[in-house]
Amino acid sequence: MLRAKACGAFPATALAAEPARSAHCAAHPYRPARGPCGDADLRHRSAPRARRARGRAGGRGRRGDSSRAVSGRDRIGRRDRGPSAPLVSTPPLRANRDFQLLWAGQAVSVLGSRVSQIAYPLLVLAMTGSPATAGIVGFIGTLPYILFQLPAGALMDRVDRRRWMIACDVIRLLALGSVPLAAYLGALTIVQLTVVAFIEGTMFVFFRLGEVSAIRIVVPSVHYPAALSQNEARLRAASLLGNPIGGFLFDVGKTVPFLADAVSYAVSLVTLLLIRAPFEEARTGERHHVLAEINEGIHWLLGQHYILIVNLAASVTNAFFQIVILVVIVAERNRGASATLIGIALAGFGVGGVIGSVAGGWISQRTRSNLVVMSTLWLWAALTPLVGIVSNPILLIVLLGSAGMMGAVWNVSTGTIYLRLIPDRLMARVSSVGSLTAFGALPIGALLAGLLVQTYGPAATGVITGAGMLVIAALTTAAPSVRRGPPTVPVSASRSETA
0 MLRAKACGAF PATALAAEPA RSAHCAAHPY RPARGPCGDA DLRHRSAPRA
50 RRARGRAGGR GRRGDSSRAV SGRDRIGRRD RGPSAPLVST PPLRANRDFQ
100 LLWAGQAVSV LGSRVSQIAY PLLVLAMTGS PATAGIVGFI GTLPYILFQL
150 PAGALMDRVD RRRWMIACDV IRLLALGSVP LAAYLGALTI VQLTVVAFIE
200 GTMFVFFRLG EVSAIRIVVP SVHYPAALSQ NEARLRAASL LGNPIGGFLF
250 DVGKTVPFLA DAVSYAVSLV TLLLIRAPFE EARTGERHHV LAEINEGIHW
300 LLGQHYILIV NLAASVTNAF FQIVILVVIV AERNRGASAT LIGIALAGFG
350 VGGVIGSVAG GWISQRTRSN LVVMSTLWLW AALTPLVGIV SNPILLIVLL
400 GSAGMMGAVW NVSTGTIYLR LIPDRLMARV SSVGSLTAFG ALPIGALLAG
450 LLVQTYGPAA TGVITGAGML VIAALTTAAP SVRRGPPTVP VSASRSETA
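Under numbering that gives the first Met the number 0, the sequence shown is numbered contiguously, ending at residue 498.
A hint or two may mislead.
Simulated restraints on C-beta separations [stated by the list, open to error]:
id	residue 1	residue 2	range
1	Gln-191	Arg-482	50 to 56 Å
2	Ile-139	Gly-342	24 to 30 Å
3	Val-470	Val-251	44 to 50 Å
4	Val-190	Ala-477	46 to 52 Å
5	Pro-486	Leu-180	48 to 54 Å
6	Ala-166	Gln-99	41 to 47 Å
7	Gly-449	Gly-335	19 to 25 Å
8	Gly-335	Asn-294	30 to 36 Å
9	Gly-456	Val-169	44 to 50 Å
10	Pro-392	Thr-89	42 to 48 Å
11	Gly-335	Ala-166	47 to 53 Å
Calculated from the structure, these hints are not laboratory results.
Model, not experiment: these values are computed from the prediction.
Ideal Cβ placement from N, Cα and C applies to all residues, glycine included.
Let the sequences and hints guide you as you build the complete structure.
Structure below.
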């Protein structure tokens with residue numbers, strides 16, 4: 000569980016341990032000042048209570064320990080603080096103007112991206128009638144996820160992140176806006192659509208690494224779980240709503256989804272312009288060659304065994320879920336289910352993800368992240384063999400929803416740890432390495448899915464995939480660094496967090 004480092008080992012003496020309690024107060028800027036951190040009048044009135052506490056401790060044994068005496072001082076401090084002992088607190092996340100602007104802009108932008116995502120293949124099919132061409136356009140659109148992750152990470156760790164994110168939105172706005180304009184002029188071609196897909200994918204890589212890194216600066220560490228929970232809910236809700244909205248807009252007009260996506264980038268651009276906070280710490284280190292900086296991020300990740308193993312487990316399970324999706328589609332098709340029913344079944348992932356993202360912040364504050372990781376992997380291993388066998392659609396939705404829910408909790412919990420552990424100067428580079436492995440696993444999973452389902456059928460493929468999940472769960476659980484959990488990390492000079 001993520002929590003403030005324990006601080007109960009302070010003596011009951013009211014005045015003798017004043018330096019220790021001063022450090023205690025400095026280590027907790029979010030608590031009311033009390034004891035020696037308060038005024039002289041407070042210390043004067045604290046002493047009699049402390050002496051009475053020592054007397055009670057002598058007569059009551061364990062029940063009269065130092066924590067009871069401190070509790071007495073706490074009560075006085077809360078009730079009567081002098082002018083030199085102001086209450087220092089962190090405003091709630093909803094009052095964080097810059098984060099809420101960033102979140103709102105990206106909520107609209109991500110929804111717009113999901114809307115245009117379904118429109119790309121539909122428009123290519125309408126123009127050419129060729130599924131192969133649609134596949135090529137889709138492949139080229141995702142190629143930047145592999146090509147540019149590492150250089151983008153190095154760049155976003157050395158530049159003004161907000162300015163680059165603004166530039167990314169401007170470029171995407173112009174690229175997506177060119178599609179309906181060209182269609183209106185009767186000049187739209189497959190080549191232009193392919194170039195637009197490639198540009199959008201490239202800008203996504205740079206923008207995403209900037210946003211992930213900015214969260215660490217814009218949001219106080221105490222609010223990391225809540226912020227990541229909101230981000231996860233945004234992503235899951237956009238995934239749930241984007242496809243039906245995109246299909247509807249495509250029926251209205253074949254390039255309307257692209258216009259909607261362009262407008263979403265304009266909204267994101269405006270919110271970025273309104274944000275006041277910087278997205279990075281002051282750059283003080285010496286700059287090196289880009290390859291050396293990429294290598295620094297890789298070596299940092301290799302030295303953090305917990306993050307490395309969790310990231311590898313996530314990448315492999317990403318590939319497995321590509322297989323799960325195809326298993327569900329083929330199995331339901333073989334049972335005579337319509338495309339609409341299959342879509343509703345797969346929407347279980349999104350519904351569960353929304354639930355998990357809402358609960359993720361609460362869970363990550365109360366449960367150690369290694370326990371979340373291990374329990375999620377074992378649950379996936381138990382559920383995966385069933386997806387190709389279960390014929391009841393309600394039960395199938397429950398299975399997929401459970402998997403999606405735990406995936407969202409995983410993302411919030413591990414994302415919080417990443418924000419606490421990774422230094423700001425390395426944030427984009429380390430994130431880029433993780434993204435490269437995660438995105439790189441997707442085409443491998445898609446390839447394996449087709450081969451396995453074609454060779455063994457959906458039911459057997461589900462069992463094989465479940466066995467693979469079981470192996471990953473066992474290997475991850477057996478790793479000493481995962482069983483220990485992430486290390487304790489100093490978040491700032493005055494406060495420490497324990498993961």
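How the hints compare with the structure:
1. Gln-191 x Arg-482: 50 to 56 Å: Holds, at about 53 Å.
2. Ile-139 x Gly-342: 24 to 30 Å: For Gly-342 against Ile-139, whose Cβ atoms are near 26 Å apart, the range 24 to 30 Å holds.
3. Val-470 x Val-251: 44 to 50 Å: 47 Å, holds
4. Val-190 x Ala-477: 46 to 52 Å: For Ala-477 against Val-190, whose Cβ atoms are near 51 Å apart, the range 46 to 52 Å holds.
5. Pro-486 x Leu-180: 48 to 54 Å: Because 53 Å falls inside the window, the suggested range holds.
6. Ala-166 x Gln-99: 41 to 47 Å: 23 Å, violated
7. Gly-449 x Gly-335: 19 to 25 Å: 22 Å, holds
8. Gly-335 x Asn-294: 30 to 36 Å: Between Gly-335 and Asn-294, where Cβ atoms are some 54 Å apart, the hint is violated.
9. Gly-456 x Val-169: 44 to 50 Å: 49 Å, holds
10. Pro-392 x Thr-89: 42 to 48 Å: Once the Cβ atoms are compared, 46 Å apart, the range 42 to 48 Å for Thr-89 and Pro-392 holds.
11. Gly-335 x Ala-166: 47 to 53 Å: 50 Å, holds
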